[in-house]
Amino acid sequence: MVAGLGKFLVRRGLTFIPTLIGVTLIVFIIAYVIPANPVKAWAGGEKASQAAVEMIKKEYHLDQPWYDQYWFLVKGLFTNSLLDPLNQEPVFTNIGNRFIVTFQLALFAFLFVVIIGLPLGIISALKRNSATDMTLRILALIFISTPIYVIAYLFIWLFFLHWSTTTLAGIPPSPPHKITHVPVIDALLTLDWSNFVQQVERFWLPGFTLGIAAAGVLMRFTRNSFLEAYSRDSTLFLKAKGVPKGRLYRHVLKNALVPVITILALQFGGLLAGTPITETIFNLPGIGRYALQAIMYLDFPALIGVTFLYAIVFVTANLIADILYAIIDPRVRF
Amino acid sequence: MPEPIIEIKNLRVYFYTYAGVVKAIEDVSFNIYRGETLALVGETGCGKSVTSRALTQLIESPGRIVSGQVLYHRDDGSTVDLLKLNDEEIREIRGNEIAYIFQDPHSSLDPLYTVGYQIGEAMEVHGKVKNIKEGIGRAVNILREVLIPDPENRVRNYPHELSGGMKQRVVIGIGIANNPRLLIADEPTTALDVTVQAQILELINELKRKYNATVLLITHNLGVVAETAQRVVVMYAGKVAEIGSIDQIFHNPLHPYTVALLRAVPNPLKKIEKLESIPGTVPNLITPPKGCRFHPRCPFAEERCRKEVPELKEIEPGHWVACHRY
Amino acid sequence: MSEKVEELEAREEYEMTILDRVSDRIIDAFASFINIFKKDWRRRNQSKIKEWKLMAYAMNRSPPALLGLFIVIIYIILGIFGPYMAPWSYDFFPVNYNFSTQLAPPGSTYFLNVTTIENGYIVHYTTNIHYLLGSDVYGRDVVSILLAGARTAFVLDIFIILIGPTIGIILGLISGYYGGKVDETIMRITDMFLAFPGLILAIALSAVLPTRIQNFLNAHTWAQTLMLKLFALHARDVNNLGKLLAVFVALVIVWWPGYARVSRGSTLTEKENLYVEAARAVGLPTRTILFRHILPNIIGPILVMITMDFGGVILTEAGLSFLGLGAVPPIPDWGNLINQGSQYFPQAWWLVAFPGIVIVTVVLGWNLLGDGLRDVLDPRTRRSLEFKLKKKSKGGESSA
Amino acid sequence: MEPVLKVEGLRKYFPVKSLLRTIGWVKAVDGVSFEIYPGETFGLVGESGCGKTTTGRTILRLIEPTEGKIVFNGKDVTQLKGREMLWFRRHAQIMFQDPYSSLDPRQTVFNIIMEPVKFHGIEVDDPEEFVIRLLESVGLNEMHLYRYPHEFSGGQRQRIALAKVLALQPDFVVLDEPTSALDVSVQANILNTLKDLQKKHGFSYLFISHDLGVVKYMSHRMGVMYLGKLVEVGPAERIFDNPLHPYTQMLLSAIPIPDPELARKKKRMEVKGEPPSPINPPSGCRFHPRCPFAKAGLCDKEEPPLVEVEKDHYVACWLYGKA
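Residue numbers (the numbering used here), protein chains in the order written: chain A, 1 to 334; chain B, 1 to 326; chain C, 1 to 400; chain D, 1 to 323.
Keep in mind that the hints were calculated from the coordinates and are not lab data. Do not take every clue at face value.
Simulated DEER-style distance windows between Cβ atoms [said to hold, decoys possible]:
| id | chain 1 | residue 1 | chain 2 | residue 2 | range |
| --- | --- | --- | --- | --- | --- |
| 1 | C | Gln46 | B | Asn284 | 16 to 24 Å |
| 2 | C | Asp28 | A | Leu154 | 41 to 49 Å |
| 3 | B | Lys9 | D | Asn242 | 48 to 56 Å |
| 4 | C | Ile299 | B | Asn252 | 29 to 37 Å |
| 5 | B | Pro111 | C | Pro379 | 24 to 32 Å |
Here a beta-carbon is modelled for each residue, glycine too, at the ideal position from N, C-alpha and C.
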């Protein structure tokens, strides 16, 4: 069984390699091939001196053929020697701290997605075709239809300006003991309550805002998945066995979760994607905003770093989904 | 005189579907006698599965048991109407005193649990074992009983690791786990190959003898009926057409439907010049034909058949038919 | 118990409503219209016409879907005629040295001395400008921008959804039908695009593409004219088209992979159906099998997805302009108004609230419609309606 | 008489893949030879996974054969291309098992029947009249012309499929379990229609089924397949009266007989085991692990050839070979 799982993971992992290569290639095309003249922008805009432009060209191998440029880029990414032309720091060093903020934001959002989406989806399915179900279904559609940048301002007005239940400036310091490097988890692990409360106060609203659309998607998906699992013949057979309701629902839920897990993994990736807007509005120094900045200044080494990171997170989330999938569903392993 | 274990009286089940009210079975009455194998035969949609499921209220929404009685005679002499029991009471009977085997072993089992767990669960929910773990231990013996080779290792297998025939053995194992008094086998071999079918039927007969159980066998295959049952109930379009012993049904069929059905089946051991087919199609049960439901396809139909619903009448001892010709 | 049965039966009957008659008329008119061009069309497609009518009945019985349809129709009307219904041009802002019309709150009115050139003469006149929903940071009327912005959103929406999903569906069909190496290649490429968070890819593309697109536009006058007509913009905005179209290209690139995946999946299941093999057995070419047989059978769920994505495109497009990409002033755009408002929040709340309400309403409209279509496209719903209507009419006859 | 179809040494192997490598082959059809004469029905029986359906599809090149010759009206089908392939597609047809998925749900009956006719360029004066004529010949009528498949019952759909086959006036039709999804009363109807059409038009049928009773009713000659190989071939009557191969005997004893008296008298043979996977079939005679007469050292080592034991009756078993 374990051998089967290992083999499955190797097989799955292998298919990710071309994906990652492809992703860097796409970014390369976006960053180097499409723009008219990025070098000028890096060197300081239209007024850049010829000498500075030449120097940058040499430094980033821009005078070389495209495959050399690409190789330089990929090598730079893996050895973290690729410098951000704006502040001359290695790209991943710049990204490091920001990623923790973004990750923590996505974590909060994810938590809201799960605690709103799953139970409401299940309730909707259990009370199918009732008024409750109808209300919840429309609520889910409203969640999906409301853009982050609208809901964010509504919430800021309500929770920040009106009730002052959250804070919008700065970010709380990380707890002194670093275990996972994610502040809120570290605070929880080291039982540092004051820091934990600070983290929650700062992050719950952006997380909630970011997660609400995905929660709507999850609600709909969970409902359908649960109903589908409930309508299978195996459910009738369980009833015929004389299995009580509680245990029956446990069987159904476990079956319904199999597809839900894939969606959850995809949603985690999707939540990261939504961070540029949320971070801008809530003033959080994460990679979403870093990416925006990089784009505005045509700072392509930084952009490549960020997108590469996103792709890795996405791929990892998929891999985790596959592992969970294989753990829940014995059929996948073969 | 054989004593009945189940008496079904005027059972009526309707389905409130998107398309309207499907009168799936109407006024179905027959007895199941202790220790016999009773076959319920009929074509797709005739209501044989619905009847068998209605016995323990296993009717899913949008279906509904509209009226009728299912009198169940317990060993201690007491009698209960299964349709009057509440959810918990009927649950205690299902899988315990009355167990089911369904048609498709691939979809009956939960793919996410081992076969040992699923057998153990059947015992645990009826308090036959303290916990699932003990149940899994007992499952080994059950797998051995349904002739699965290497049962010690097989209990840890998931359903997808077994062949169709083996899965059906597991389903049978779940059925007999609590030593039921009535085993309802709903098309247990339809999804299987002939050679495997023969083995499974053999196994059911074997177990029936061993546990002295009663079997209700639902099938559309007249061959299976002839080889395994003692008595037959023939259903057509939600009603009972004819009841009798297998010799009565096969050698002296009375209902025109039974007669036609027997002439439509090719017998591989006989020389057949021409199969006879039944004209027309099975009626729509949302708006079933008035009078005798078979009259639009019946060669002997007369005015009366179009108007009056025929009653089930006993023509010779144990041989009942619902037809105006008798 | 039997009382309950009768009650259930009674509740399940339907009568033709006024809406049903209206939808019948529309469908009949449409059928007669086609009948003019194709001989015998109506008779040969009577089953299909009946099906359409039943679909309409199903729709008529779902208030949320009707609401969605209503919103969508309004959106389409505004998308076409919005710029011409606006009280002021999208780039009109009064310049006055005595007072500022910038960030005027909703309901305020200003008297203006206007100087323009008409037919070669300089004309002075006074008028007043009433900011029903306030004005933006330049002093432009929010109502006018919302109306003109409907066109921007609508044109982008329609063309992105026409192109992106079409590419995706075709690739998915090919990938699913052929399998093997073709499938592997297409799906790996799709995976690469899916591995990017859509918004990030769109952001990056809309940042790098404008110059190239602008260069192309500058070289091709016909393209310039076409785009200005499409978006109902003044000729002086020609230099802003590059940024606007960058969003278009970016979203098309972002929008195909999802469809490729879904239609590949459906094709894989659909090709297991024997009618596909039957088509091969009589020698039909692959093209016919793919587009005449498989596509019509998998299109149902995809149509639902497309309907809902009409909303999704609006959300993303407005999101990009909220971030300062794509449409920038003076091009009228809903997301851009919110962008402006975010800098003066909460003082200029109307710049967030009104475009926000418009976006949520339109997106919700598409989503409600899509959700309703899911039921309408389900054949079981139609069978049921057919039965209930038939039964009702029969009952009516006997009592009469 | 020249056979319509002659199959020689037909093989179809499907690769089994793991981690991009082929680790084995499913030998679905492994060296099958038979011929079908004009106006004849050749029955093919066997349990699921024995390769009978793959045989049918490979003959029509819906699946490309791995090896072997398929000669149809004198031409080797495996070599056909372009126009000649279209000729073959027109003259050799197939009717499928499942009437619910074999008709495109989005096409009217008229289109379903006319599409291949138009495609093959068959001249028809009045298409409507032509299709109505066809529908009438299979027991439907003009009322059904512009309806969709979902408006019909299973039996009616099989009739539509039959009308579609008739429209191209083929010489040869593969019938792949055409009635196994239908109820017995409808089945008899379809089988009789098939027989009548054969008499009228002189079709040759390859009749694939797992139902021995139906095969006996339909076939003139038949073959019994086990794990990709033909184990017994001969006139249908002869095989049922005197089954020679132990597998055929086992099948006949396993099949339930719809007559209690005959069932009681029937000679019974113990049914052992389940069919093994075709990935790694047993060596020698593939039936030997389940065969009560298997001789160690012979049946598990050497594969028995198909030999003529009595006139026109072939069997692949060492019981009749090396005496």
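Does the beta carbon distance between C/Ile299 and B/Asn252 stay inside 29 to 37 Å, or does it fall outside? violated (57 Å)
If I claimed the Cβ atoms of C/Asp28 and A/Leu154 lie 41 to 49 Å apart, would that claim hold in this structure? holds (46 Å)
ask   = Has the hinted range 48 to 56 Å been met by the Cβ atoms of B/Lys9 and D/Asn242?
value = For B/Lys9 and D/Asn242 the Cβ distance comes to about 51 Å; the hint holds.
Check your understanding: Is it true that the C-beta distance of C/Gln46 to B/Asn284 lies inside 16 to 24 Å, as the hint says?
Key -> holds (21 Å)
Just tell me: holds or violated, for the beta carbon distance of B/Pro111 and C/Pro379 against 24 to 32 Å? For C/Pro379 against B/Pro111, whose Cβ atoms are near 29 Å apart, the range 24 to 32 Å holds.
The structure does not agree with numbered hint 4 stated previously, though it agrees with all others.
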